[in-house]
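Heads up: the sequence lines are chains L and E, in that order. Each residue of the first sequence is one higher than the last, beginning at 5 in my numbering. Each residue of the second sequence is one higher than the last, beginning at 5 in my numbering.
Worth flagging that the hints you see were computed from the coordinates, not collected in a lab. Accuracy of the hints is not assured; some may be wrong.
No copy is singled out in the list; a pair is fine if it fits within one copy or between any two copies.
Said to hold, decoys possible - Think about it this way: if two alpha-carbon atoms lie no more than 25 Å apart in a straight line, the pair counts; the simulated BS3-like pairs of lysine-lysine are: (1) K73 with K273; (2) K122 with K229; (3) K70 with K186; (4) K140 with K109; (5) K273 with K70; (6) K42 with K70; (7) K94 with K298; (8) K212 with K303; (9) K303 with K186; (10) K273 with K120; (11) K303 with K119; (12) K285 with K70; (13) K303 with K324; (14) K286 with K229; (15) K324 with K26; (16) K303 with K140; (17) K298 with K72; (18) K38 with K278; (19) K120 with K109; (20) K73 with K109; (21) K122 with K157; (22) K122 with K303; (23) K125 with K303; (24) K122 with K38.
Being a predicted model, the structure only gives us computed values, none of them experimental.
2 protein chains.
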Amino acid sequence: MKFFDSSTLIAQGLFEPSLPRKYPFQRIPNQFQKLLRKELWNFSQNSAGVSVTFQTNSTKIRIQWKIKKDFQMNHMANTGIKGLDLYQYKNDSWYYRSTGIPISKSNDEIIFENKKTKLRKFRLHLPLYVTLTDLKIGVSNDCKFLNSQLDSKNIVFYGTSITQGGCASRPGLAHTNIISRKTSYNCINFGFDGNGHLETSVGQLLSKIKANFYIIDCLPNVDMKLIKTNVIPLIESIRSSHNSIDKPIIFVEQPDAHDNYFDENIVEKNMVLKQQVQKAKKIGHENIYLIECKGSLGKDNDATVDGIHYNDIGYARFAKHLITELRKLNIGF
Amino acid sequence: MKFFDSSTLIAQGLFEPSLPRKYPFQRIPNQFQKLLRKELWNFSQNSAGVSVTFQTNSTKIRIQWKIKKDFQMNHMANTGIKGLDLYQYKNDSWYYRSTGIPISKSNDEIIFENKKTKLRKFRLHLPLYVTLTDLKIGVSNDCKFLNSQLDSKNIVFYGTSITQGGCASRPGLAHTNIISRKTSYNCINFGFDGNGHLETSVGQLLSKIKANFYIIDCLPNVDMKLIKTNVIPLIESIRSSHNSIDKPIIFVEQPDAHDNYFDENIVEKNMVLKQQVQKAKKIGHENIYLIECKGSLGKDNDATVDGIHYNDIGYARFAKHLITELRKLNIGF
């Protein structure tokens, strides 16, 4: 077999993929470390929402991946936290093929075997909640390996643990990855576990990205006070660059995933968000939108693993909701 | 708070709940140990498909649970393996409320809090893949606690790791639990990880249960040879008692969850199963049915975590498929 590693692989879902990185699939290049709080920087090294698209006629695909820390959580499968999954493009859609199941910090697995030699297009979704220190994709020696270019259209998602992918059973089932497969957009995942605080530092990063639009989905990580103080400064920080001066900024309400958490008044928080969005428009900001939460997770309460974090049912419904609502906004999506 | 423990709790999903057990929620009583292979017996001690239904007007519910072994798997969340989840009955349906998230062999968690005192009906689904050594349900001292009787109508499922619940994100999302909530049936889960071998020993157990019908869903654990040799003896062993002499036995085809596993010819296996079902009818067995796999997992390939085991999407679809197909069979379901 011949192997292609991070020194040559082109990935989707990275911010400025050509800039230097300590870890090959950290979402944000090294030079922005100083801009971010430590927590944000640490989570940004996780490969959430990152994928590698390639074509090969190999009858066998082998992957080898190493992770920085053998992290685990009690409400999320290791396959989602530190596994990889492979999709194949056929009949104009992406279809799941198989999962690289993590067994330790260093993993090696054949994730595709087929008797027929044929050029096939694949996408490998990288782990949601760990930092990859190394990834190698192996194909038969005599076979082609064409690593596709990035899609040119970008959506940037800024949010919480839910945005980062907690708790999809495998990476491909997180909503930013579903949306990237179902549309022709490169989705950049700026979900930071517990740290989606509507911060201007992240807004400054967002302003540097040539995105078609920005989705701000931070509400589960902020209280009413932070929504009031942070929404407009965040908009202003995103608007501070020519990249983003007129690009749609879309805020997302917090879904009422659960009615057991009495301390948190989601209805009121959503109302405060709506007021801030209206206020932003009133003071002259254009192309600011709000996606309401109604219907986003269905009515049966089964879309989460713990009342907060989405399971695979939740992500499938949420992705569908976002696609439907984005299409209504008349922003060329 | 006052606590109710396994010495008094009545559970659903157990075979002969009144008979002595080493562990309170092992699915099969001690006296049948000799009948079963060691692997079957070990897995039967897991509380897959077992639940406790109760009413209380307490504003707080606390659970304490201990497990025999702090088991984990790489493709299933700990919440599904060794956690518990709580559903509440309202508006004629069961709604998920919260999850008891396992953190060690011994766990203690408040899983319900509400400001209003009101009589509510709950169901607590027990862990899918570990053995509970102890469970305590706590409510406020001055409150009612009414542990409901078992439902009188039984469905018995005999199957594989998938039947046992691998890989639902939490216990309530395994299909036998979904079916138990959506119908008025007590579902007994005889899913044994890797060991659904269509065995007459299990058939003998099944024959001792007053079930409305039996669902045999073993195909992912057997090859063509075993299907040929075991299906009719299994039917005969189930038919060996007056409990089961005329009760429907329903075989389930193996879904083609995945097209990456070339070693296994699912289409052929399903054909052999169909032939055996036809042969059984021909030699005089009545009330033998087959549920086809077509459409059971949807068309998008996203219903599994690894190409075999169902994720939450898979279980939701499979439960719906089984309910729909069972209703077509004219067996009074």
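Tested hints:
no.: 1; hint: K73 with K273; result: neither (36 Å within a copy, 42 Å between copies)
no.: 2; hint: K122 with K229; result: neither (57 Å within a copy, 33 Å between copies)
no.: 3; hint: K70 with K186; result: neither (29 Å within a copy, 43 Å between copies)
no.: 4; hint: K140 with K109; result: within (14 Å within a copy, 37 Å between copies)
no.: 5; hint: K273 with K70; result: neither (41 Å within a copy, 38 Å between copies)
no.: 6; hint: K42 with K70; result: within (23 Å within a copy, 37 Å between copies)
no.: 7; hint: K94 with K298; result: between (33 Å within a copy, 21 Å between copies)
no.: 8; hint: K212 with K303; result: neither (38 Å within a copy, 40 Å between copies)
no.: 9; hint: K303 with K186; result: both (24 Å within a copy, 15 Å between copies)
no.: 10; hint: K273 with K120; result: between (55 Å within a copy, 23 Å between copies)
no.: 11; hint: K303 with K119; result: between (44 Å within a copy, 23 Å between copies)
no.: 12; hint: K285 with K70; result: neither (47 Å within a copy, 55 Å between copies)
no.: 13; hint: K303 with K324; result: both (15 Å within a copy, 16 Å between copies)
no.: 14; hint: K286 with K229; result: within (20 Å within a copy, 74 Å between copies)
no.: 15; hint: K324 with K26; result: neither (35 Å within a copy, 47 Å between copies)
no.: 16; hint: K303 with K140; result: neither (42 Å within a copy, 31 Å between copies)
no.: 17; hint: K298 with K72; result: neither (39 Å within a copy, 42 Å between copies)
no.: 18; hint: K38 with K278; result: neither (32 Å within a copy, 65 Å between copies)
no.: 19; hint: K120 with K109; result: neither (33 Å within a copy, 48 Å between copies)
no.: 20; hint: K73 with K109; result: both (7 Å within a copy, 23 Å between copies)
no.: 21; hint: K122 with K157; result: neither (29 Å within a copy, 53 Å between copies)
no.: 22; hint: K122 with K303; result: between (44 Å within a copy, 23 Å between copies)
no.: 23; hint: K125 with K303; result: between (37 Å within a copy, 19 Å between copies)
no.: 24; hint: K122 with K38; result: neither (47 Å within a copy, 53 Å between copies)
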